[in-house]
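For reference, the chains in residue letters:
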Amino acid sequence: MTAAQIAGLIASGETSAVEVATAHLDRIAAVDERVHAFLHVDREGALAAAADVDARRSRGEELGPLAGVPVAVKDVIATKGVPTTAASKILEGWTPPYDATLVERLRGAGTVMLGKTNMDEFAMGSSTEYSAYGPTNNPWDLGRIPGGSGGGSAASLAAYEAPLAIGTDTGGSIRQPGAVTGTVGAKPTYGGTSRYGLIAFSSSLDTPGPCARTVEDAALLHTVIGGYDPRDSTSIPQPVPDVVAAARLGATGDLTGVKLGIVKEFAGEGAEPGVIAAFRESVEALVKLGAEVVEVSCPHFEYALPAYYLIAPSEASSNLARFDGVRYGLRSGDDGKRSLEEVMSLTRDEGFGPEVKRRIILGTYALSSGYYDAYYGQAQKVRTLITRDFTSAFEQVDVLISPTTPFVAFPFGSRTSDPYQMYLSDLYTIPTNLYGGPAISVPCGLSEGLPVGFQIMAPTMADDRMYRVAAALESAVGTLTPPEL
Amino acid sequence: MSTTVLPSYEDATARYEPVIGLETHVELGTNTKMFCGCPTEFGAEPNTQVCPVCLALPGALPVANRAGIEATIRIGLALNCDIAEWCRMARKNYFYPDMPKNFQTSQYDEPLCTDGYVDVEIDGETVRIGIERVHLEEDTGKTLHVGGATGRIHGATESLVDYNRAGIPLVEIVTKPVPGIGAKAPEVARAYVTELRDIIRSLGVSDVRMEQGSLRCDVNTSLNLPGEEWGTRTETKNVNSLRSVERAVRSEIIRQASVLDAGGRITQETRHFQEDTGDTRPGRSKETATDYRYFPEPDLVPIAPDPAWVAELKASLPERPSVKRARLREEWGISALDMQSVANAGAVELIEQTIAAGASPAGARKWWMGELARRANETGVELAEVGATPAQVAQLQALVDEGKLNDKLARTVLEGVVAGEGDPAEVMAARGLGVVSDTGALQAAVDEAIAANPDIAAKIRDGKVAAAGALVGAVMKTTRGQADAKTVRDLILARLS
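Note that the protein sequences, when read in sequence, are chains A and B. To convert a position in the first sequence, counted from 1, into the numbering used here, add 2. To convert a position in the second sequence, counted from 1, into the numbering used here, add 1.
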C-alpha cells in the first residue's frame, strides 16, 4: 500500500492512525532483527503521535495529505527527545534538545515518526557497512548491501517496515540506496529543503530529501519537508514547485514534447551490462510515451568524483571538529590524570570509525596552507565547470537521464578493502550534488534478480519536471516488489 | 634570568625607530548574537544565554545578524574605508577550549571594509593612521579555572566554560604599520585607540568599555635602525586600558632596544602586558605558525550589501567626534583638557542634551562631571545609566538659578532624583526642601540665634561684621539648610546695626 492510500484510509475512517502505526511497529519487531534498518524505534512516541491524529480526526479537524502515515528518519537528523547518533560511536547516547526543521514539519503534518534509521557513520559511505552499530541488510538479498549512506531508510521501505522515509544526499546517499533496494529516492534542489538540524557532513552539498516506494509518495513527502527556512541561510526563499501535480501529470503516461538528454560521458563505462540493459529498455519505454532523446556532452563530469572527494572531506574535517568529547556524546579516558588534549585525542580515536578518520585526514590535508590552491581551490574550479556543463545541457534538453549506479547491490565486504571501488558507487550521482540541482532515482527493472535504478536530473528549482518524468517511467515499467522476508 | 640593564626610553628612541600597528577588537552592542537569536547582555548567569546554534550542537546552523553587518559597515565608513560589494565569511579552524564549533566564523581574504584611515592630533600635529581592514567575526566563550589560588589554569582543579559570550559579534580593526613617529609612538598608539573608541561610541554600535572587554587591543611593536628595514615585531595581547596601550608600547620599545643593544635578535611572539609592573612577558612563540585552514563558510550565503543601503548609511553618519568636540569646546568655552575628560566620562551627549533642555553650559557640565560622575564611579555604572536624565538636570539647574534651591539642597534633591523619587520639583516638594526666603518666617530664627549668642551679637554691634557668619550658620542649622543665606545675613545685620 502506498502512503497516499494509507492517508486516504485514515482520513475516511476506514482505519485509524494507531492501527497503521501498530502494524508497522509489529512489522519492525518481526523483521528488523534480520534487516537492521533501525538504530532506534520510538514505539511510544509513534503511538502517541498516531493517537493525536486520530483524536484530531474525531474532532473533525482537517488533516494534511499524509496525516497518520508512518515515516522513518535517517539518524543524522536531530529529533527532540529521541536519540540521534549519525551511526557514530562518538554520539552514542546523545539525545538532541531540539528538532530539525524538517522533523518539525513532519510532526506538523501529522506524520508518525517510527524511529531512526541506520546509515554509514556521519553519512560517509556507499554501503551502510560503516555504521558503528553494524550494517543494514538489503531486503532483496540479506547478504548484500542496501546502499549508502541511507541504507537504513531505503531498506525500511523495501522491507515494508515504513511506507515513507527521510534520507540525506551529499553525493548520492538518497538515490543510490533507492536504486539498489528498488525504491524511489529524490534529492531536492540544494536549498529547497532545510538543513537545520541535519548533522553536517559537507555543508555545501548535504540535501535532505524523501524516500518512498512510489513517485507520488515521494512528491507528497517532498512537499511536507520542503520550502524556505529562515534558520538555514542557504535555504531558497521560494515556494516548493508543485511536485505532486507534476507526478500526477507524469502518471498519465504522456511525455510528448519532453526532451531527455543522455550524458555521453556516462555511456556505460564501468557499468554492469545488466544495468545498461535495464536502462536502455527504460529509455525505449519513455520514447514510446512521446519523449525525445538526444545525446549531450558534459565534458567535466569525469572530474566530478575527484573534486567531490576534495570538497566533501574538506568541509567534513571542519564540521566534525566539534566532536571533541567535551559537551556531548562519548568521552574517553577522562580519569582525572589525562590532559584535555589526551582526552580529546582518545575520544576521537575511539569515537570515529575508519572511513570518517580517512576523510577528516584527507580534508585537513586538502585545506592546509600550501595545498589549498592545489586541492580545495582546484576542486572548486571543477565545481564551477560542472555547473556550466549542466547549464549548457539544460539549454538543449529538459532533463538529463542516466543509470543511478553503475552496479547492483554488491555483497558485504566486497568493496570495503578498496575505498576507490566504493567511491565509484556514486559516480553518476555526484555531479548533481556539485551543481545543486534536483535528481531522482526510480526503479527501472532487474539485473540478476536485483533492482536497477534510473536517474533523472533537472535544473535547479525544476524539481517538478523531474517528478513528471519519474512518474511517467513508473507508469511504464511499474514498481518492484522484493521477495518475502 | 640574567639581569639586563635597560636603556632609558629617550636613549632607546634616539637610536632606534619604532613601527607600531594595532589590532582592535570591538564587541558590538547588538541585541542578539551574530549567528543566532540569543541575547547578549553582559554579566548574566553563566550559560543562560545559549541555544543549539551558539553551543554548536550537532545539526545547528548559523544565520547572519543583519544588525551586525550594518554596524560593521558603519564602522568601516566612519574610518573612511571602502565597503566590499560582495564578500564572504570564512572558517578559521583551530582549537580553543571555549570555542564550541572548534572553528571561528570570521573573515579572511574577503573583509567587509578595507583601506581607510583615522587622523589623530599629537601636539597640534596631525598623524594619519592607515586602516588595513575592518572585518566581522564572533567572540568565543569564557573559561573559568577553579580550585587554584589565583584563578588561573595553573593549580586549578577544574575548568568551567561559560558560553554566554560565544557568538557575540566582534569587529576587528587592523591598522597598517605606522612608521616615522619616533618617540611619539606610545602617545600615537593611545591617541589612536582613544579616537577609535570615541568614533565607535558616537556610532552607538558598542559601549566600547575596555574594562569590560568590549574593546580589546593588541599592540604590535618593532624597532629598526635608521635607514634599515623594519624589525621583527612582537604582539602584545589584550591590553585593556588606554593608559596600558601607551605603557605597553613604551616598555616594549625599551625591552627590544636592550635586546638589540646586546646583539640579540627579536623573536616573533605573542606577549602579555603586566598591569602591575607595566612591562610585557612572553606568551606563545610564533616560530611555528598555526595553520588555520581558512575556507569560505559554506553554511552562510555571501554578504552583498546593496550600494544604495551603503550610501544611505554613509549619509547618516554622525559628526566625527573630534570635529564635534572642537565645535562644542568653542560653544561651551572650556579647555581642551576639560573637553577630554568630558569625552572620557562619556558625558558629551548628556551635557549637550542638558544644554538643549535649557541649562547653561557651565551648569550642565557642573552636575554631570561633578555629583553625577562621582555617583556613577561609586556604583560602577555608565553615566547615562546613573538615574538622572538631561531634562531633570536642566530642571535642577533652573531651580538653583531661580534661587529656589541652594547648592547644598540641590545635591540632596539630585540624590532623590537618582533614587527614582521623580523630577527635581517633585523631590523638592515631597521632601519639603525649598529655600525659605520669606523674611517673616526667618525673623524668628534670627532673633532666636541672636538671643542664644549674646557675645557674637555684641561683636557685630561693635562693627565686627565678619562675625555675622557664625550667626548665619546657626540660623541655617535651625532651618535645616533651607534658609537663603543672603537673606539671613541681611536680617542679622539689620537687627544689630
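Check the hints yourself; a few may be wrong.
[What the hints assert, rightly or not] Just some of the chain B residues that point at chain A, by a computed CB distance under 10 Å:
1. Phe-36
2. Phe-43
3. Leu-56
4. Val-64
5. Leu-145
6. Val-147
7. Ala-305
8. Trp-333
[Claimed, not checked] Short derived list, chain A residues pointing at chain B, Cβ under 8 Å:
9. Pro-98
10. Asp-234
11. Tyr-378
In short, the hints are calculated from the structure, not lab data. Quick reminder that beta carbons are idealized off the backbone N, C-alpha and C, glycines included.
A quick look at each hint next to the structure:
1. Phe-36: Cβ of B:Phe-36 sits 9 Å from chain A, so the hint holds.
2. Phe-43: At 23 Å from the nearest chain A Cβ, B:Phe-43 fails the 10 Å test, so the hint is violated.
3. Leu-56: OK, holds: B:Leu-56 within 10 Å of chain A, min 7 Å.
4. Val-64: holds, 5 Å
5. Leu-145: violated, 15 Å
6. Val-147: Constraint on B:Val-147 not satisfied, violated at 15 Å.
7. Ala-305: violated, 13 Å
8. Trp-333: Violated. Min distance 48 Å.
9. Pro-98: At 7 Å from the nearest chain B Cβ, A:Pro-98 passes the 8 Å test, so the hint holds.
10. Asp-234: holds, 5 Å
11. Tyr-378: holds, 6 Å
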